[in-house]
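Spelled out from the first residue to the last, the chains are:
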Amino acid sequence: MRAFDAGWGGAVWKTIGEPITNVSSRYSSIDWEGRRMMGFNNIELISDRPIEVNLQEMSEVKRRYPQHVVIASLMVESKRDTWHDIVQRAEDAGADGLELNFGCPHGMSERGMGSAVGQVPEYCEQITGWVKEKARTPVIVKLTPNISDIRMPARAAKRAGADGLSAINTINSITGIDLDTFQPNPNVDGKSAHGGYCGPAVKPIALNMVRAVQSDPAGALPLSGIGGIANWRDAAEFILLGCGTVQVCTAAMHYGYRIVEDMQDGLLEWMAEKGFASLEDFRGRSLPTVVDWNQLNLNYQIVARIHEDLCIGCQLCYTACWDGAHQCIHLDRTAPAPDTARTPAMVEAEAARRISTTPIPKLDPGGLGHTNALTPLERIPRVDEHHCVGCNLCSLVCPVEGCITMERVDDGLAPESWAERTAAGALPVAHMRS
Amino acid sequence: MNGQTSFVQQAPVQAETSARFPDFHPPLDRQAALPEANRCLFCFDAPCASACPTHIDVPKFIKKIASGNLLGSARTILDANILGASCARACPVEVLCEGACVMHRYNKQPIQIARLQRFAMDSLHASGAPLPFAPAADTGFSVALIGAGPASLACAAELRRRGIRAVLYDARSLPGGLNTYGVAEYKLPLVESLREIEMLAQLGVEFRFETMIDPAALAKLERDHDAVFLGIGLGAIHQLGIAGEPLPGVTNALDLIAGYKSGKLTRVPARVVVVGAGNTAIDAAIASVRLGATDVHIIYRRGEEQMSAFSFEYEHARLEGVKFVWNAQPRRILGGAAVEGIELTRLADSQDGSIVPHPGSEFRLPADLVVLAIGQSSQTEPLAALVQLDRGRIRIDRATGQTSNPKYFSGGDCTNGGREVVDAVADGKRAGIGIAAWLGAPVGKA
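Line by line, the protein sequences are chains A and B. Just so we're aligned: the first sequence equals residues 1 to 434 in our numbering. Just so we're aligned: the second sequence equals residues 1 to 446 in our numbering.
For reference, chain B alone in the conformation it holds in the complex (with noise of 0.2 Å):
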């Protein structure tokens, strides 16, 4: 831990928060497990696999619980995936191993991968030993990682296993980005995330936190490393643009997320509005209710089927009592001192397929919190003078995360737009990987 206090004791952990956000997906116990994982057919080549960004080797793990060689398969998802017990909470794995289950032409239901991950990584966790990996001898060589969110973490893993040293920088004073501060925490409480790069930084990962890196920073951080890895992720979220929006009870998404998340906010008023139907917003509306709010709607500017959450986000949202009012567009943001409601306007389908206010359709909903969930803006403008940008994300080589400056790699939201934890994952470990061949280090790691 280089000296520094533990990130699990430094956790903001409100046991109302805790108790208000269970987890949505219990753990399985070992009887459970156990006829779970046997009933994993074993597939040559796996679609599970093969769909994980990480490519965990799913089977494999999975056997390794049916046998009782738990470490065994705790070791075999952090070889793929440093954040396999994150990723285990936090996937969406509807769309990914779960939903590649060649059980869906079987028996139908496939195999509880994400549960058994979590599991594996449960008993590593419970059975108090370390790290499976150490870091291999001092290669000599340096990176920094700008952020500390899960691809720089991936990033850094791969580069200790192979003698690199990795140091990260974060403005937060906490490790993991949005997995530390954005998932809903009844998926991945923020102690969770925080115990596994505590495990993670047992490969002797450096942390600078409360560190802003500009542009001269980043030129000193140039001189002074090898490499530069930047997994800075996206920027805030976008504003509306309409009047009202400075009031008082108008907030954002991943504000309010982080909010409750670290303790900072244990209860929101009774009315709340989410602009944006993504999968952020569904954490911010359903986050809401467990809040406390009686009364949350989410608006979309488009219809159901447009929508740009999962479905089964969405089904969570509806069994939380969240409602929906589609093919709306807020005009203004109404109220005095604070906010006290919100104008919308009913959008309909033009002949050229956009969608225009429908006159006259103008209507309100009363609210004492509006929260914004309307996508995050890049935040790599600055960097445009020193790496390639592709609609304001940074260019990369997808095999090897390298960037067009060839001293800078990249991966994780600031690449492809804003995805998955597991994507960031996988980014910052082929550009850790990708970073070693660059630098010309041993190829095997530890």
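Extracted from the complex, chain A is given alone in its bound form (with noise of 0.2 Å):
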């Protein structure tokens, strides 16, 4: 109720069954270079309350909020009367949704339960069928992330005739050992159990996975979105892939409900600078833009181009190119000629070599004088760009914003696909098969 008194238009209510047992501790987190739970882990089970008290609470919240969505999260044995009775109860209880938790990675799967039912489509489709007998409110099956084609219960799911889909659950994870104790986290015990990740860590897989449910006619259905959502940037990226609705819950857990201030605030400033009036004027609006490998352009050509104005002399791109792509940034710009045969190695041990010493006012005239506000041209690398692959590499490692930028070359070639060029008959066979 506090969530829908900060501005969050309803809640999935997680997740009713029979009551459960949980460990303590329970979370375990990756940092990343000083920032706090880039990625988050638990092994908490489903709710360890009676389900009784769950109903009833969720009844008092519906009296009293009855403009907010409530979808009743649900997961009980793989037996159809068990399914049945939950449901009846659930709706009865004032849910307006029901949401299948066939993704919970641990501990419930062990029991039959959870991603033990999402990752067998059979099983998938067999409950949703039960589930679609008994509900009177929308079915939404939440898929597991723990498979190798998410596609496959997406569609066993609507061959069941859910009425949506959400996704992704939590993936299955350890987050990392203690190397003074050697043991990993989260603790209980000095022993622990594979987790289920989530945080913004996993938000481009979840990305992935939608778009692979959301591009597939036999599996897409109203979907909602979940895995790493923490702002609107986040949620606009998931309603572009085609999701109706985004969840959102590490990000909560991290900083508090508060956050749906800004996804809200931020949300509508950016529809209204693309001039969209709701969420259908863009929604799925990217997918198109997603295609199999085959269908891209080879003959698209872009090069890297430095921005010496902007440039401040890191060499980020230049020890980049030449350690992990293709030894086609140079330092060489004071250089009488183009230099590519020199090294990095070369490069290190001439400055080794250059002897420097404390500028002194009264020692050096004149040499207090100099400014570090300029990059010196020696610093400032060179693209070669009859080599450069247009791989991006350097432009992400730099860091200054638009400093390197990707830039066209027209090669003058018509778009072709490597689709087109093989059926055009253009390539030996051996390469289609490799």
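Quick caveat, the hints were computed from the structure, so don't treat them as lab data. One should not assume that every hint holds.
[What the hints assert, rightly or not] Derived Cβ-Cβ restraints for the label pairs, each shown as a range: (1) B:Pro-35 / A:Glu-378: 30 to 36 Å; (2) A:Ser-278 / B:Asn-107: 58 to 64 Å; (3) A:Ala-352 / B:Pro-35: 26 to 32 Å; (4) B:Pro-35 / A:Tyr-65: 38 to 44 Å; (5) A:Gln-327 / B:Lys-220: 56 to 62 Å; (6) A:Tyr-257 / B:Gln-9: 34 to 40 Å.
Just so you know, even glycine gets a beta-carbon here, dropped at the ideal spot from N, CA and C.
Could you fit the two chains together into a complex? Lean on the hints.
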């Protein structure tokens, strides 16, 4: 109810089933370069409170907040009667919809529930079918990412008549091992179990799975996006890939319900800027732009361009191109002619031989007048555009926004994809098989 | 330690002095050091490392802090600069590594390299781990080093790591030279300099304290050793050559600083006049404030823009309440039994660019203590027959430290006219490598 007061439109009430006993501790996380909880892991099970308590409270919330959506997340034994019973009770309590938790990857799966169902399309289809026999409200199947092809359980849910999907649930994970105790996190009396991974780190995986489901006519259904959504930008991306709603958990656990304020404010600002009046104006808009690799234009050429006026001389692009890409960035701007034979080791050896002293005004006339505001020319790398393959790596490692741009080179060739090229018989068969 | 008592135990530490000179740049704790270390971009061929006279691989030691490899970080620092802990505190990083940081052109705040370096070095010291280097197998070579300041210490470390005996001679009773006795206590406490040298001594460096080396003694050392390193620094602070200079209450900045650092001086009188506007003058003026003076003036012949102190030192002095008198020159020091004041005259630019006294502009400042900080003289004159000098400085090959006399090497203030600790360390390091190469000792080090 505090979340609704803060501005959230609805809640998924997680997860109702026969009460379990949880362990302590339950959470662990990945911190990244000083920022906390970039990835979050839990080994918590479903609700440890009796079903009737959960449902009583749900009724109370619906009574007080009739305009807000409450979805009951359900997980019970894989028996038809048990599912019928819980569906009835949840709907009687006032649930606006049901989310079938077929995704929880730890603990419950060992008992034949959660992802044990979600990983087997047949079970998924069967249980969804049982629920649909009874349900009067929309049925949403929550998908596990711990599967080779997420489209399979999505198709199964659709076949069974599910009204919607939600994706993704958490990803199997071990967040780390304590290097002093040799014990994994989270630590439960010296031992741990694999958990479910979520938070900002999983967003790219979630986006890919959302896209896979939404681009598949056999599996696509109204979809609630989940996975690392922390702000309005994340939400917009999920909606652009076809989600009608998004769910947030880790970010609210990290910063509190108040984060919804900017999610709403920022999204509305962005929509106004883009001229979108409703979510439907942009929902799924990016889906057609994600294609299979063989549809990409092989004749599209870009090269890196370093904007000297913005370059700070860190030379990260240089070392990245030499050690991680195609050796086509060089430090030869002050050389009389382009020098592509000068290696990083040669650059470092020259630096080691240089003798530097502290500039002291009275000993070095004019020595302190130098400014560090401008990058010396010899520190600004040069791209050998003839050899640049347009991989983006330099622009990704460059710390300065807009300093390295990838610019199109017109090669005069018409667009041609791998599919087109092979269809035209332009390549030997051996290549096609590789 | 060659049977000697610990330098740190011998440190004449006064609790009152420590309280009056707290860290100007307080240490970072782990929670502050980690995000700062992660902020470092890890530049290739990093400008900070190039700007460091000892070429510490700054991004490398910073990334080791970020990964939690603190001892590896300290080893990276010490490998390039055996006085890395002192330099982390004493270096004018604003014109060195931090001044060269590319962040000045990015989000404007340079990485706090000095504080990170101190964090790594403090971690090593707190761990109780030994110096992460050992002397190499004995080569049979032996080198005498005159002076036990930063240049000789750095040279000695390179020699020992190549299996060459290193014997240091110093007039004082404790090692470190200006690193121990001449750096403002709020930057580098005397005891910290000694702690670092004690660690360095684990390499088997030999010290001969309270030993003056005259030309005859030097000739003997030359016969007894395979090479000699001259790390003799500069001499006494110049005199003004005006009336009243012998009065009690006239001192010089180095004596003042060494006096309070070694606990011999715990208070100064209320009114102090410092003559000169270099970094040492600033140190003396701030020390006077900390030691109880209420009225501290710095007198300089020229204007603010010609002052040789770094601008951040000038700012610091002003924050401490030091007042500056520009374009004025002492005419005489006033007083009967002791100093009572100083008579000054205004200076004006003449047509030929020199500055001349402005007639009738004389004025007086009352003072109980006059501190001279107008530069140090050289003390190389007795060496003139032995090695080539250049305006009082020993002339060396910069890359090897070798003098005109092949058996003599040199580095530090006596060769460069008086720079920073880190410059002396770099000179000593190059000379140590140069001596080993000249002797034909193995190239690699332990």
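**Message:** Going through the numbered hints above, which ones does this structure break? Give me the numbers in ascending order.
**Reply:** 2, 6
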